[in-house]
Amino acid sequence: MKRISFIAAIAVIIALLSVFPASAAGADVWDGTFPTADKTGKYSGGEGTEESPYLISSAADLAMLSSVTAAGESYEGKYFKITTDITLNSDHAGYAGWGTTPPKNAWRAIGENAGNNVSGGSFAGHINGAGHVIRGMYVNDESTGWDKAAAGFIGCLRGSVINLGFENCYVKRNNTAGNGAGIIVTYLGHSGSTLRGNITACYVKNCTVESWRCPGLIAGVVYSGR
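Mind the numbering: the sequence shown is residues -24 to -1, 1 to 202 in mature numbering (1 follows the signal peptide of the UniProt record, and there is no 0), read in order.
Read the hints as simulated data drawn from the structure, not as lab findings. Heads up, the beta-carbon is just placed ideally off N, CA and C, and yes, glycines get one too. Among the hints, erroneous ones may be present.
To be verified - Computed cross-link-like contacts, DSSO-like style, restricted to lysine-lysine with a CA-CA straight-line distance of at most 27 Å:
#1 Lys80 <-> Lys181
#2 Lys80 <-> Lys148
#3 Lys181 <-> Lys148
#4 Lys18 <-> Lys80
What the hints assert, rightly or not - Estimated spans, in silico, between C-beta atoms of each pair:
#5 Asp7 <-> Gly70: 12 to 22 Å
#6 Asp7 <-> Gly48: 19 to 29 Å
#7 Gly2 <-> Gly70: 13 to 23 Å
#8 Ala69 <-> Asp14: 25 to 35 Å
#9 Ala72 <-> Thr12: 33 to 43 Å
#10 Ser20 <-> Gly73: 14 to 24 Å
Given these sequences and hints, build the entire structure.
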């Protein structure tokens, strides 16, 4: 009976390990650099389809996504899957003090060049976090006017993000021209547009957003989305 109980206990542990993602200790840590944009889809695998999404298996892959969208690619109709936890700053336990003492690495929002150029600047792809967590994201948006949506993980989202967590992050928007700041997105959807963005089954924990107007932990401004 004891042997059967022991085997059953081991089976339960194995089942739990298969469900939960890697811990923070096993996360991939970013070096703070953004690679040159490569629009040919140089990620860790996948074809960008719903059945075979591009695989984001490292912080470098995530930085490439930022670089390619900064170069004007919206990834409309393309799919991504995150396969590991990602740490953007390893000293993220001190995130609350980043307003005065910033960390080493500053994140550039995916699809930051939205402004009034919806098709050319926003992110229209679909990201499945697969239960993983992004930790230590620091954004300091000093853009002026309405030309950018740079205060968040994603600037302007007209695609979707699902099953992704954010912990120990800090987003700051300094200028007084323009709208909003959020941990996951600056703009969800876009002003004057029927284009929608969706965020589903995501969470934000131990994060700070600082903005003179429209700060939000999930999204700064919700134009058309949910």
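Between the alpha carbons of Lys80 and Lys148, is the straight-line distance 27 Å or under? Since the Cα atoms of Lys80 and Lys148 sit roughly 15 Å apart, the hinted pair holds (cutoff 27 Å).
Distance restraint evaluation - Ala69, Asp14, Cβ atoms, bounds 25 to 35 Å: Cβ of Ala69 to Cβ of Asp14: about 34 Å, so the range 25 to 35 Å holds.
Proposed proximity, Lys181 with Lys80 (alpha carbon, max 27 Å): This hinted pair holds, its Cα atoms lying about 21 Å apart.
Does Lys18 pair with Lys80 here, judged by a C-alpha cut-off of 27 Å? Holds. Lys18 to Lys80 sits at ~26 Å (cutoff 27 Å).
Just tell me: holds or violated, for the beta carbon distance of Asp7 and Gly48 against 19 to 29 Å? 25 Å, holds
Does the structure keep Lys181 and Lys148 at a Cα separation of 27 Å or less? It holds: about 16 Å lies between the C-alpha atoms, which stays within 27 Å.
Determine whether the Cβ-Cβ distance between Ala72 and Thr12 falls within the hinted range of 33 to 43 Å. 34 Å, holds
Can you let me know if the beta-carbon spacing of Asp7 and Gly70 is within 12 to 22 Å? 19 Å, holds
Using the C-beta atoms of Ser20 and Gly73, is the stated range 14 to 24 Å upheld? 33 Å, violated
Is 13 to 23 Å a correct range for the gap between the Cβ atoms of Gly2 and Gly70? Taking Cβ atoms as reference, Gly2 and Gly70 lie about 21 Å apart, which means the hint holds.
In the structure shown, a violation is registered for the earlier hint numbered 10 alone.
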